[in-house]
Structures are given as C-alpha cells and as structure tokens.
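Engineer: What follows is the residue order along each chain.
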Amino acid sequence: MIKNFLEIDNVTFAASAKNKVNNVSLRIENKGDIICLLGPSGIGKTTILRTIAGLEKVQSGKITLNNRVLSSKDKHVEPENRNISLAFQDNSLFPHYNVIQNIEFGAERNKSKKKNLTINEAVNFLHLKNVVNKFPHQISSGEAQRASLARSLVSNPDLLLLDEPLSNIDQNFKEEIQVKLKKVLTEHKITTIIVTHDSYEAFYLGSKCGIILNGQLKQYDDPYNVYHFPNSIEVVNFLNRGTLIPAKVTGENSLESNDLGTIKGNFIKHYPKGSDVKLLIQPEDLEHDDGSNLKLEVVDRQFRGTNFIYTLKTSSNLLIPVFVHSHHIHQHEVDEKFGIKRPINIDHIVCF
Amino acid sequence: MFLKKINIWHISSFIISLIVAVPILTVFASFFDPTGNYSAILKNTFLYEYIYNSLVLLIGVLILTFFIGVTCAYLVSFYNFPGVSFFRWALILSFAVPAYIYAYSLTAFFENYGTAFSILKNLFGEINYNPYIPKFDGMLGAILSISFSLFGYVYVLTRVSFHYQSQNLIELGKNLGFSKKKSFFKIILPSARPAIVAGLSLVAMETLSDFGSVSFFGISTLTTGIYNAWISFDDLALANRLSFYLLIFILSLFILENYSRKKAQYHTLIKSGIKKRNSIDLNSKKAFLAFLFCATVFFISFLFPVLQMLYWTINFPKHLADLDLIKLLSNTMLLVFLSSFVLISLSFISNYGNRLARSKFLNILTTFSVSGYAIPGIILAVAFITFISWFDNTVINFFGIKTIKSIFIGSILGLILVYFIRFYSLASNGIKSSYLKISYSIDESAYLLGYSKFKTFTNIHIPFLKNSMLLVGVLIAIEIIKELPITLIMRPFNFETFATTAYIFASQDLLEAAAAPSLFLIIIASFFILITSRYILRD
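Protein chains in written order, with the numbering used here: chain A, 1 to 352; chain B, 1 to 539.
Please note: incorrect hints may appear among the correct ones.
A few chain B residues that face chain A, going by a derived Cβ cut-off under 8 Å, partial list only [claimed, not checked]:
#1 Ile127
#2 Asn130
#3 Thr458
Calculated Cβ distances over 10 Å to all of chain B for the following chain A residues [stated by the list, open to error]:
#4 Gly42
#5 Arg50
#6 Asn67
#7 Arg82
#8 Ser85
#9 Thr186
#10 Lys218
#11 Arg241
#12 Glu256
#13 Lys341
#14 Pro343
#15 Asn345
Don't read these hints as lab results, they were simulated from the structure.
Remember, it's a predicted structure, so these values are computed and weren't measured experimentally.
Each residue gets a CB set at the ideal place from its N, CA and C atoms; glycine is no exception.
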C-alpha cells in the first residue's frame with residue numbers, strides 16, 4: 001500500500017524529443033500539501049503538469065494518485081476521468097461563454113461532492129465581481145487568468161495543477177492573491193502543484209520546491225533548504241542569489257579567500273583541509289561596516305524598497321552582492337568604496 | 001500502440017478524407033490506361049490549341065481580375081467618396097452571376113440585332129448599326145465573362161487585407177516621406193500580397209475549370225477537351241489523361257496558393273494598441289472618378305447581366321410562363337439543403353477527428369483531399385463515374401450482387417456525393433478556419449472539467465462554431481445554385497435546376513428562353529450573398 005498522496009516514480013516527461021525531463025521521482029506526502037516547481041522557461045515544467053493531468057502520455061515510470069495508478073507505460077487514465085484540474089497559463093476560457101458561465105462549468109464537476117469553495121467565494125477573493133458578465137475577449141489577460149483559476153478551484157479536484165497562475169496579474173493584486181490563494185488551498189486541503197519561474201512566489205506558496213534544470217529535477221526540498229543549501233552550482237546559478245568565489249579550506253570551520261580574507265562558519269559538508277573550493281556568498285552573508293579595512297568598490301546599487309542590494313567588485317574582479325536594510329545609513333554611490341565587516345562569519349558554509 | 005490510438009473520430013475523419021480523395025486517385029490511377037485512336041489524333045491536332053487557349057484565357061483573366069479587384073478594394077478601403085458604403089458590399093454581388101450567364105448577356109447585348117441594336121434603333125431610328133457595335137465573343141468574350149464573374153475573389157480577399165492594415169503602417173510611410181503613390185506600391189500593395197495571390201489563385205482555378213462560358217463561346221480549352229473526349233469520342237481513358245494534365249497544373253497553383261496563405265500574416269491585425277485607420281476624404285474631382293470606377297464595375301459585373309435577363313424575361317413572357325418555377329426552385333433548394341447538411345456534418349466530424357488525432361498522415365490525406373475544389377467539376381464527375389464503374393465491375397460483380405451503378409449514377413445520391421467532393425474544401429476549410437480560433441487548451445480544459453470527447457464536441461465546439469456553420473452553409477448554397485457541369489452530368493433524368501435549364505436553352509441558341517431561369521438563379525444567389533455579406537467582407 002502506497003502511503004504518499006501523489007507518487008511520481010521515475011517518469012520521463014516528454015512533449016517532444018527536445019522538450020524532456022528525465023527520470024523524475026517526486027512525492028507529495030499528504031493531502032493538502034502544496035508544492036512548487038521552479039525552472040527556466042521552456043524546460044518542460046508545463047509538460048510535467050500536462051502529463052500528470054493526462055494530456056500527455058508517459059513513456060516510462062508511473063504516476064499514482066491516492067493509491068490509483070493514473071499513468072504508466074501500459075495504462076493511461078483519460079484526463080476527464082482523473083479528477084485533476086489544470087489552470088492553464090494562457091487564456092483557456094471558453095470564448096463563447098461569459099466569465100460566470102465559465103466558472104459554473106467548473107462547479108458542474110463533482111456536483112454531489114461537498115464543495116471546497118463556492119462560486120461566490122471564488123469570485124470575491126479573485127476580484128472578479130466586475131467582470132462576471134463579460135466575455136473572455138472583453139477582459140484583460142490578468143482577469144482571464146483569475147477566472148481560469150476560479151474555474152479550477154470550484155471544480156473540487158483531487159489534485160489542482162496551476163501553470164504560472166499569477167504571471168499576468170498586476171503586482172498590486174498579485175501579493176494579495178498569493179496570500180488568499182495559499183489560505184484557500186490550505187483551509188480546504190486542496191493538494192496543489194504550482195509551476196512558476198518566480199522563486200519568491202514558489203518559496204512563499206510551496207511547502208516544497210522542485211528545481212528543474214537541464215532536463216532533470218535537480219533538487220526537491222523545502223524552500224529554506226533550496227535557497228540556503230542549494231545542492232549544485234546549476235541551482236545556485238538558476239536562483240541567482242549569490243556568487244561563487246574561489247577559496248581554500250583552512251580548518252574545520254574556516255576558509256581563506258584572496259578576495260575576502262578569512263571566513264568562518266559551519267560547513268554543511270566536510271572538505272579536507274587544503275581543498276580548493278568555490279564558496280557560495282549570498283547577499284545576506286556579508287555585513288556593511290565602513291570602519292572595516294576590507295573595502296570593495298561599488299559597481300551597482302539596486303533599491304528594492306525594503307532593502308538595497310549593492311554589487312561590489314573584489315580585487316580579482318568578482319562581483320559580490322550585499323544586502324543592506326533600507327533604513328541603514330549607508331548611502332554609497334557607484335565607484336565609492338564600501339566596507340565589509342570583519343571577521344566574516346557565515347552561519348552555514350556552502351561549497352562546491 | 002498505433003491501434004490503441006484509433007477511435008471512432010479518427011476512423012470517421014479518415015473515411016471522409018478518403019472518399020473525397022477517390023476521384024483524384026482515380027485520375028492518377030487511370031493515367032496508364034490505354035486510350036483510343038482519338039488520343040493520337042488529338043496529340044497531332046488540337047492538344048496544343050487546348051493548352052494555348054487555356055493559357056491565354058488564364059493570363060487574360062488574371063490581369064483583368066487583378067486590376068479590377070485590387071483597384072476596387074483599394075478605393076473602398078482607403079477613401080471616402082459618394083456611395084462608398086454601398087459599393088463595399090454591392091461589389092460582391094458579382095458572385096451571384098455565373099460566368100456562363102454573363103456570357104449569355106454579353107452575347108445577347110452585343111450580337112447582331114441584339115439588345116444594343118434595339119436600344120440604338122429606338123433612340124436614333126432604324127439603320128444598320130451592326131457594323132458599329134463591338135462584338136465580344138470568342139476568347140475576348142470568355143475573358144470578360146469570367147473576369148467580371150470572378151474578380152470578386154480578388155476584391156474580397158484584398159479588401160479584408162486592406163481593412164486590417166493598421167494606421168501605423170500608413171503613418172510609417174508618411175514618416176519616411178513617401179508619396180501616396182509610393183506608399184501604395186511600397187507598403188500597401190506588398191503587405192496585401194498574400195491576399196491578392198490567394199484571390200488570384202482561386203480565380204485561376206475557377207478559370208481553368210470553367211466549362212459553361214468557354215463552351216458557349218466555342219473556345220477549346222483543356223476542360224472542354226475533356227468533355228469532348230468523353231461525350232463525343234467516348235474515350236474515358238483519354239478524358240482521364242487530359243484531366244491528369246490539368247490536375248497537375250491546378251495542383252501546382254493550389255500549392256502556390258497554400259504556400260502564400262501560410263505567410264498570410266503580412267498585414268497587421270487590428271488589436272488593442274494598434275490604431276484603426278480612418279478613410280481619407282477625396283476632393284470632388286477625385287471622388288467623382290472613384291465613384292465612376294466603382295459604379296462602372298458594379299454596373300458591368302452585376303446590373304448589366306441582371307438587366308439583360310430582366311429585359312428578355314419581360315419581352316418574352318411566354319418562356320417565363322412555360323417555366324415550371326416551383327419545380328425548379330424546389331429541385332435547386334433540395335440540392336442546396338441536402339448538400340449543405342452532408343457537407344457541414346461531415347466536415348465537422350472530419351475536422352474534429354483531425355483535431356483529436358493530430359496525425360501527420362491524416363493531415364496529409366486531408367490536404368490532398370481538399371484539393372477537390374481545385375478540380376473542374378467535369379473531371380470530378382468523370383472520375384466518379386469511372387470509379388463507380390470499376391467498383392461495380394470488379395468488387396460488386398465478384399460478390400455476385402446486382403449492379404449498383406444506378407444508385408450512384410444519374411441519381412440524387414450520386415449528385416450529392418460529387419457535390420460533396422467538389423465543395424468539401426469550401427466546407428472543411430471554412431470550419432477549420434474557425435476551429436483554429438479555438439486553442440487546444442480549450443478542449444483540454446473541457447476534458448479536465450470531466451467532459452468526454454463527444455460532450456466537448458457538442459457542448460463546447462458546436463455552440464462556438466454555429467455562426468461559421470451558417471456562413472459555410474450559405475456559401476455552399478451560393479456555389480450549388482450556380483454549379484453547372486456536375487449537375488448536368490450527374491443529375492437524374494428530367495431533374496432540372498435553374499442552372500441546367502438556362503444552359504440547355506442557351507446551348508440550343510434559345511438565349512431568350514435562358515433568361516428567366518438565369519434571372520431567378522441570380523436573384524436567389526444574390527439573396528444568399530446579401531445575408532452573408534457582413535461575414536464575407538469581414539473574414
């Protein structure tokens with residue numbers, strides 16, 4: 001007996017010979033869990049959702065939902081018989097029905113079952129009240145995307161698949177909808193897989209995140225671990241939240257870098273003394289201190305509202321990002337010198 | 001694995017495409033059949049004349065339709081002048097006049113002691129005007145008749161393309177300092193090129209397959225050659241061989257047309273963010289010239305044949321009285337409704353089957369089968385009879401069943417089947433173009449909401465496509481009302497339509513008697529055109 005709610009066993013997802021994600025194994029342990037799949041555009045994330053939904057067939061491996069095999073080499077349950085709902089990224093509303101009729105189409109499914117969410121609730125939380133009587137061609141792409149999301153939510157699926165669900169939605173709505181969506185999914189225990197290329201969205205919504213790169217599921221872990229303990233240089237490069245600098249392991253808890261000097265902290269993996277490694281420096285690892293004798297040149301400064309990200313150039317021309325709180329007194333211009341607090345202490349040292 | 005993929009939709013789509021492809025395959029297959037002595041005689045005598053005449057006719061018609069169609073489309077799309085709104089739709093009424101009826105009118109008006117003679121006599125007294133009245137017969141008559149009957153294809157397609165050209169494009173020309181003339185030749189015309197080529201390809205196909213007007217003017221083309229080989233010399237194999245040559249020629253045009261349509265995104269569709277173009281007001285002299293041009297084309301292409309037929313119908317009331325109008329109308333409408341029903345239903349099934357299968361093989365077969373539209377009605381009818389005869393002699397005889405020829409030849413069923421093959425492309429492409437507007441994710445959304453394939457078809461597709469379905473139905477009706485050669489060959493004994501009645505009278509030199517059925521034919525076709533003009537001009 002399988003204990004996990006969803007099991008993907010060694011499945012190769014392929015929409016075409018080029019667009020393939022090989023040998024994916026992934027579990028959703030409990031009903032109501034939300035996971036996010038992250039990856040660059042065109043890598044095959046949508047293909048994974050389409051295959052789970054039954055719109056594509058698997059070439060190898062097995063997909064099991066709630067102890068029922070949905071896809072394998074010899075078996076393919078048709079999409080209409082899976083009770084899986086997929087909200088497409090593009091506008092997939094029925095063009096000849098208005099918004100409310102489109103949402104009602106979703107509600108017709110599983111009529112007898114107790115509803116997760118009523119049509120009214122969905123319309124309200126997705127701010128669709130003003131467009132319910134409009135036709136798809138009369139509304140914006142963001143509204144169409146929300147209507148599509150509403151249709152999927154009210155269909156009471158066993159598994160909800162969301163393909164870039166908030167990509168066309170205005171920033172001011174996006175964060176509010178993210179919060180409400182998470183609340184609705186959690187409250188009603190709707191098991192969900194969300195595909196996105198926005199790591200912030202994935203880290204917020206997902207209890208687990210999968211990183212898909214170069215045709216493989218590179219890492220599948222909780223968001224904190226994905227961010228702080230990336231398991232490969234590819235994941236580091238994809239998340240683009242740090243720089244790898246050359247360093248030499250000098251002890252159980254220390255390294256020496258030509259650019260930053262001595263760095264102390266806890267290695268998450270053992271490296272023998274004297275090893276040459278690439279050390280991951282993330283924006284929050286270094287602290288600003290203009291009194292320090294370690295000064296780096298400012299090449300860029302990004303104001304992000306809550307914080308600044310300075311990009312600093314080392315003596316060997318490496319670019320290092322440094323996070324500084326927005327209210328901190330540190331107004332350094334480009335080309336000025338920026339001090340880094342020493343000794344450098346990093347909570348967890350990630351090397352490759 | 002392959003067998004697993006097959007379902008009822010795929011099989012239906014395959015069978016429908018195969019039925020449509022049968023006549024084309026028959027023509028290809030019979031290429032190697034031995035022909036009679038007439039073949040050798042023909043090679044040494046008339047074959048080159050057939051080819052030469054077909055080419056001259058084709059080139060003449062293409063030049064004239066290009067000039068008339070593009071000029072009219074340009075004027076009504078870009079300028080404001082008196083009557084422009086009227087001309088925009090009135091110019092498509094020329095679709096209601098088949099080339100053979102135009103040919104009758106042209107001859108009736110300009111022949112010795114014809115209508116022109118009568119008008120001059122009434123106005124200026126009785127002298128012999130015949131030497132001063134120009135004669136539009138022979139090749140010139142055929143080119144004029146076909147051109148004024150077919151320029152609508154170029155007009156409609158070019159107008160749609162011009163209509164959707166955005167203001168941005170025109171302003172770009174102004175920005176670059178182009179004169180109006182330079183803007184027209186460097187920007188407007190090239191951006192409408194695919195539409196113009198598509199229109200001209202349709203004209204070319206229709207011209208090569210024209211039978212009524214060329215036979216009326218006594219021009220020997222490949223199409224009349226096929227008819228003669230079969231009817232006069234009873235050489236079906238030669239008819240098929242000539243069909244083969246014509247088919248290759250037409251298929252080349254068809255491929256050209258298809259190729260040009262694939263790139264039909266030259267013009268920019270107006271969507272939000274692109275400015276809609278405003279028409280330019282012309283000064284009085286230019287406005288008058290624009291009005292004069294459109295009015296002349298409208299008069300020559302539509303009013304002239306209508307008035308000529310009306311004149312005769314009124315002047316020879318006996319012919320009208322002799323006509324069994326109810327019978328002709330009911331026969332014509334029976335064919336229209338049966339054909340529309342069969343064509344639309346099967347096109348729907350086949351398109352949905354193709355959509356589900358997404359099979360390259362099925363797509364190739366469909367593309368091949370829709371080329372039936374490019375094949376002259378005569379070839380289709382001959383090929384169909386050839387196939388049924390072969391099937392009857394081999395398969396049916398083998399099973400010892402009585403002949404089935406009478407079921408398919410000289411029957412309504414056979415007639416509808418050949419119409420089906422001939423106009424399948426019109427119906428199928430019409431429905432396909434609307435189907436393409438429904439993205440696959442719409443179907444997939446329906447499946448994911450628990451809808452089966454059948455329920456998706458009935459609850460999602462049919463409601464969405466009902467307008468296109470009606471439009472296609474009306475377009476089929478217009479074509480069937482005008483259709484001549486297939487009806488002539490395949491119809492049951494004593495079963496007449498307006499088209500066949502007009503032809504039979506005209507071929508017996510009883511043009512006056514042909515007037516009334518021709519007039520009714522034009523009126524009914526015009527009615528169908530008027531109710532769909534909004535869609536025709538838009539899409």
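Engineer: Next step is simple, just say for each hint if it's right about the structure.
Structural biologist: Hints versus structure:
1. The interface hint given for B:Ile127 is broken, as the beta carbon of that residue sits about 67 Å from the closest beta carbon of chain A, more than 8 Å.
2. For B:Asn130, the suggested interface contact is broken, since its CB lies about 62 Å from the closest CB of chain A, more than 8 Å.
3. Among the interface hints, the one on B:Thr458 is violated; its C-beta lies about 13 Å from the nearest C-beta in chain A, farther than the 8 Å criterion.
4. No beta-carbon of chain B comes within 10 Å of the beta-carbon of A:Gly42; the shortest separation is about 17 Å.
5. The beta carbon of A:Arg50 sits about 8 Å from the closest Cβ of chain B, which is not more than 10 Å, so the claim that it is off the interface is violated.
6. Separation of A:Asn67 from chain B is adequate, the least Cβ-Cβ distance of about 21 Å exceeding the 10 Å criterion.
7. Not every CB of chain B lies more than 10 Å from the CB of A:Arg82, the least distance being 8 Å, so the non-interface label is violated.
8. With a least beta-carbon separation of about 6 Å from chain B, A:Ser85 fails to lie farther than 10 Å from that chain, contradicting its non-interface assignment.
9. For A:Thr186, the condition that its CB be more than 10 Å from all CB atoms of chain B holds, with the nearest at approximately 23 Å.
10. Every C-beta of chain B lies more than 10 Å from that of A:Lys218, the closest at about 28 Å, which supports listing it as non-interface.
11. Listed as a non-interface residue, A:Arg241 keeps its Cβ farther than 10 Å from every Cβ of chain B; the least gap is roughly 33 Å.
12. Against the 10 Å criterion, A:Glu256 stays outside the reach of chain B, whose nearest CB is about 55 Å from its own CB.
13. For A:Lys341, the shortest C-beta to C-beta distance to chain B comes to about 51 Å, beyond the 10 Å cut-off, and the non-interface label holds.
14. Against chain B, the non-interface label of A:Pro343 holds: every CB pair exceeds 10 Å, the least being about 56 Å.
15. Taking the minimum C-beta to C-beta distance to chain B, about 51 Å, the non-interface status of A:Asn345 holds against the 10 Å cut.
When held up to the earlier numbered hints, the structure conflicts with 1, 2, 3, 5, 7 and 8 and fits the remainder.
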